[in-house]
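Peer 1: Dock chain B against the given chain A, drawing on the hints supplied.
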Amino acid sequence: MSVTTISQILGHMNFGHTLAALWLPHGESTFSPPVQFLWDFWYWMSVFFTLLIVGLVVFFSIRYRYTKNRTIADHSPSHNNPLEITWTAIPLIIVMVMFALGFKTYMNMDSPPANSYNIHVIAQKWSWTFVYENGAISNTLYLPVNKPVKLNMTSKDVLHGFWIPDLSIQRDVVPGRVMTTWVEATHPGKYVLQCAEYCGDGHSEMRANVVVEAYPKFQRQILAAANIFEEDGKPLPLATVGKKLYTTLGCLGCHSVDGSKGTGPTWKDLAGSKEVLANGRTVSVNYAFLKTMITHPGRVLIKGFPAGVMPSYGSRFTGKNVKNLYAVVWYINSLSKYANKASEPPVPNLPKGSEPASSSKSGSAAATPATATAGAKAPAAAATAVAKVPAGPKPVPLHVLGAKLYTSLGCIGCHTVNGQPGVGPTWKNLAGYPQKLTNGKTVIADYQFLRTMIIDPGKLDVVGVPAGVMPTMYKYQLSGKKHPHETKLNALIWYINTLSNRSSKATQPPVPDVPAAK
Amino acid sequence: MTTVTGSNFGDTPVVPAKPDNYLTHGKTISSWLLTLDHKRIGIMYLITALLAFFIGGMLAEVIRTQLLVPQGLVFHGTGSVASSYAAYRYYNQVFTLHGIIMVFLVLIPIIPGALGNFALPLLLGAKDVAFPKLNLISFYLYVAGAVLAIVSTVLGAVDTGWTFYTPFSIQTESYVVVMVLGIFLVGFSSIFTGINFMVTIHKLRPPGMTWFRMPLFLWSIYATSLIQVAATPVVGITFVLLMMERVMGIGIFNPALGGNPVLFQEFFWFYSHPAVYIMILPAMGIVSEIIPVFSRKHIFGYEFIALSSLAIALIGFLVWGHHIFVNGQSAELDAVFSFLTFIVAVPSAIKVWNWLATMYKGAIVLKTPMLYALSFIVLFTIGGLTGVVLGALSEDVVLHDTYFVVGHFHYVMMGGTLIGFIAGLHYWWPKMFGRMYNERIAQWTCVILFIGINLTFFPQLMVGADGMPRRYASYLPMYQPYMIVSTIGAYIQLVAFLSMASYLMHSLFYGKKAPVNPWGAASLDWETSSPPPHDNFETTPSVGDPYDYADLVFDSGINGYVRTEKPADSPIPVTARH
Chain A
1 MSVTTISQIL GHMNFGHTLA ALWLPHGEST FSPPVQFLWD FWYWMSVFFT LLIVGLVVFF
61 SIRYRYTKNR TIADHSPSHN NPLEITWTAI PLIIVMVMFA LGFKTYMNMD SPPANSYNIH
121 VIAQKWSWTF VYENGAISNT LYLPVNKPVK LNMTSKDVLH GFWIPDLSIQ RDVVPGRVMT
181 TWVEATHPGK YVLQCAEYCG DGHSEMRANV VVEAYPKFQR QILAAANIFE EDGKPLPLAT
241 VGKKLYTTLG CLGCHSVDGS KGTGPTWKDL AGSKEVLANG RTVSVNYAFL KTMITHPGRV
301 LIKGFPAGVM PSYGSRFTGK NVKNLYAVVW YINSLSKYAN KASEPPVPNL PKGSEPASSS
361 KSGSAAATPA TATAGAKAPA AAATAVAKVP AGPKPVPLHV LGAKLYTSLG CIGCHTVNGQ
421 PGVGPTWKNL AGYPQKLTNG KTVIADYQFL RTMIIDPGKL DVVGVPAGVM PTMYKYQLSG
481 KKHPHETKLN ALIWYINTLS NRSSKATQPP VPDVPAAK
Chain B
519 MTTVTGSNFG DTPVVPAKPD NYLTHGKTIS SWLLTLDHKR IGIMYLITAL LAFFIGGMLA
579 EVIRTQLLVP QGLVFHGTGS VASSYAAYRY YNQVFTLHGI IMVFLVLIPI IPGALGNFAL
639 PLLLGAKDVA FPKLNLISFY LYVAGAVLAI VSTVLGAVDT GWTFYTPFSI QTESYVVVMV
699 LGIFLVGFSS IFTGINFMVT IHKLRPPGMT WFRMPLFLWS IYATSLIQVA ATPVVGITFV
759 LLMMERVMGI GIFNPALGGN PVLFQEFFWF YSHPAVYIMI LPAMGIVSEI IPVFSRKHIF
819 GYEFIALSSL AIALIGFLVW GHHIFVNGQS AELDAVFSFL TFIVAVPSAI KVWNWLATMY
879 KGAIVLKTPM LYALSFIVLF TIGGLTGVVL GALSEDVVLH DTYFVVGHFH YVMMGGTLIG
939 FIAGLHYWWP KMFGRMYNER IAQWTCVILF IGINLTFFPQ LMVGADGMPR RYASYLPMYQ
999 PYMIVSTIGA YIQLVAFLSM ASYLMHSLFY GKKAPVNPWG AASLDWETSS PPPHDNFETT
1059 PSVGDPYDYA DLVFDSGING YVRTEKPADS PIPVTARH
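Residue numbers (our numbering), protein chains in the order written: chain A, 1 to 518; chain B, 519 to 1096.
The following block holds chain A by itself, in its conformation from the complex:
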């Protein structure tokens, strides 16, 4: 009300935009104009007062200087209450106006619109990974123009700062929490995301490109990003894919490929070589050893390297992601002159045909649309492929949809599916198992329990799970008027059921897994 009135009145004044624009970058999001406006207000206010104060200091020093003929001060009062009140009130009024303007914009920054597109941001030392609603993963942040995007951010290790100067957004990424912010870009362009919160050795290089495009082009980009195993529809050698993963998963932060020293062992000439472990044993670096090093880094330690530094990549390399493991190990083999049969992965470097993953059942279904359109040059092809996913002739089983939602909604940030501990409970063997509540009761994780945990997490306090961490936003994304059939919610619960060996009628959603074909 009053805040709005003040800002409307001030909004009609022009605070010399050009000079102030020397300072802040020309903002390209819906937040930028109000931020720039308050900046201009402050800037000219500051210029005025600085010039006034410097002017008075200089003027008094000259006008009232001490000379041989003027050794004592002129008579003037040493206090004056009306004057004191005046110069207390003027700064007070100015700062209150600034408070009101800043607060108004900030509340808007804090409230993402309900129709936002969701992107999950994963920060780790020292790389950014972005997961889109279609499950695509990229290290470049793709954003659509004129569409609000909500960023759900998690950190795998320490504090990081999500900071895009050109889009006027910043948010710290705190480990153990889902941090959210949102942005609506107003112009296509290429910008830079920089880590703003100090995070160690590679902090100053923890950057990502930000590409803002019109919505259709944005969709094509994330579809192309969805399949790293192919280029222009042709499968890539696994070693080439591994090289990409070396960058995108952040391995490069600690492991060099040229023999130079880093926090972790160099990958040059590693595969097939002999290494001494911290416990004194000598082992030859074969496939099994490399696999353990990547998926369970706590189990083995090469001598001379610190323990507990290597993040547990676990789920990124196991289950349906086991292809990533093959790719990275092939890449490590390609860097070593000692590489041999024992150090190579069990699958050939170049996968047969266009079928990259034969190892995972659910993986092949998920990969289908991406395979058909990877690197699509023709927008029409992309558009039809998008349409095929939900309404194609062959309906996708709900648990497969759930597995995709697990990534795209950001569940992956806190819940593992392999039994490892995370911020939230693991989904492995969750359904059908007894859960201890903080009020002392024990309940079986049935359908109702799982449903409540997802859409109304404040209602149930499970022992060992920190309260208030699970976001409440899923209620609006998965349930309510906008989602009369709760398809996505049921898909997630079906997925959780597939991960448990105690799945039963009581834990499964009331709708069947394979939706009826239309």
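If you're looking for bench data, these hints aren't it; they were derived computationally from the structure.
Don't take every hint at face value.
[Said to hold, decoys possible] If you want a taste of the chain B side facing chain A, the calculated C-beta under 7 Å gives, among others:
(1) E691
(2) Y693
(3) G767
(4) G769
(5) I770
(6) L775
(7) L781
(8) A881
No experiment lies behind these values; they were computed from the predicted model shown.
C-beta: ideal position from N, C-alpha, C; glycine also.
Peer 2: Chain B in isolation, oriented as in the chain A frame:
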């Protein structure tokens, strides 16, 4: 000009009429190390803090040299990404040490420890502080903390930044526990000094010196002591918790154990924001002393300046949340902190207006202390105004953790606290050592330093507004022009500081003898000889208005001021009369 007769400058009697002064009172090393004399303890603080400042300053020059080129000039990789990161760790250690040394070993103790210890009892006309032994313990706690900081640096330099944010500070391999223990001890030094000064001001004021007839430096020291006593225990406990988290894994800050990393930030800033006022308030007090003396005019708005110090101290406790606007605390809470942050800006503005009103119609002498006090007003204005925009919520989002913040707090800490300290050092130097420095060189040095500070930190404001984050060992090439200018400024500052060190050292041995009252100040510290005798005053001086300069006139024979007539109600001690 006197010739040097011994290796210790104190060996030379500088006031012939009074051969024994506090510097010559005892000549053995233990007479210094075990002294209970507040003036000697002040000098020992001065030497230690200046040594720390030298180290911190050289680290700053390394930082600025590194940032001359985007990939880093001092620490850079050999081609691979992993080797760059390994090299950047050294840079991270350098800026961490720079921050820790400057904040905990220089900015917090330097004015209360060195100038406060020296001047506070003199300003009160007292023989010493209330608890001389506690005072010495404070000094040795400070030294012990500094030694532990050196030990941790030798064992494995800390790379956490001076803020020790969790969980990074829990995970890093460096010797965080030893460093934090050192700061813990320095914290106790700060608490003891605060208690000591508070009691001294309460109990040792001479008859006639009511609260509102105290020199304003005492008000600012009193407000500072309040913060030291109330806030420092919090950071002590926080650091103990951090040590327990690292050593025992108690799971309070570590998210992997169910802890809350943001809790550390709340605790840390609950102390460290008030600590900013621990640093700036004494400097404001010094400026409030110097401006009236060199304007030859009574301070304007005494009560407003005095009470604004208390207002800053009290409101300063309630604004810590503005350091963590973007870390996800609730927006409503952010709003409260933003509001209070704006409120705390007002008392600072009041002080500036009152200083300017004091100069109005004065007879302004631009001697070195006054030049530094005026530099303070200008630099602090820039520092304060850039702080105002950071308090606005929407603007903080685009400025948080950028070089704008770095520029802002360097304007306040360097342009404010340190310039205030230097002003006070030049003001009390004749009283401390009984020698005058070369005025002309000192004035030019002040001008060079003023230029250097602006060249260093103004480009940092600009590059920060443009988006460059802080604590970067390398940066995007588009920021390079700003970084080059900033580095040139840092080198100019180095020249100014080397010049200052030279003429001050020179004055100790070859400087002209200082008169009792070289500046014509009316407070009690200038009523005793320069340097003062061991017991400060021959007779207890009687109290007048500390800002009444009417009866002080310049005597060119002694190059100092003397009182022309004895006010009927205040007998002036013999020492002040010549």
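Peer 1: Against chain A, run the beta carbon of B/G767 and see if the smallest gap drops under 7 Å.
Peer 2: Status violated, d = 12 Å.
Peer 1: Go through the hint on B/L775 and say holds or violated, using the shortest Cβ distance to chain A against 7 Å.
Peer 2: violated, 10 Å
Peer 1: Going by Cβ atoms only, is B/G769 closer than 7 Å to chain A?
Peer 2: With a minimum Cβ separation of about 11 Å from chain A (threshold 7 Å), the hint on B/G769 is violated.
Peer 1: Taking 7 Å as the limit, does the beta-carbon of B/E691 come near enough to a beta-carbon in chain A?
Peer 2: It holds, given that the least Cβ distance between B/E691 and chain A is near 6 Å, below 7 Å.
Peer 1: Hint check: is the beta carbon of B/L781 less than 7 Å from a beta carbon of chain A?
Peer 2: B/L781 check fails; min Cβ-Cβ to chain A is 11 Å, beyond 7 Å.
Peer 1: Closer than 7 Å between Cβ atoms is the bar; does B/Y693 clear it against chain A? Give me holds or violated.
Peer 2: violated, 14 Å
Peer 1: Quick check on B/A881 please, does its C-beta sit within 7 Å of some C-beta on chain A?
Peer 2: holds, 4 Å
Peer 1: Would the hint on B/I770 stand, with a C-beta cut-off of 7 Å toward chain A?
Peer 2: violated, 13 Å
In summary, the numbered hints that this structure violates are 2, 3, 4, 5, 6 and 7.
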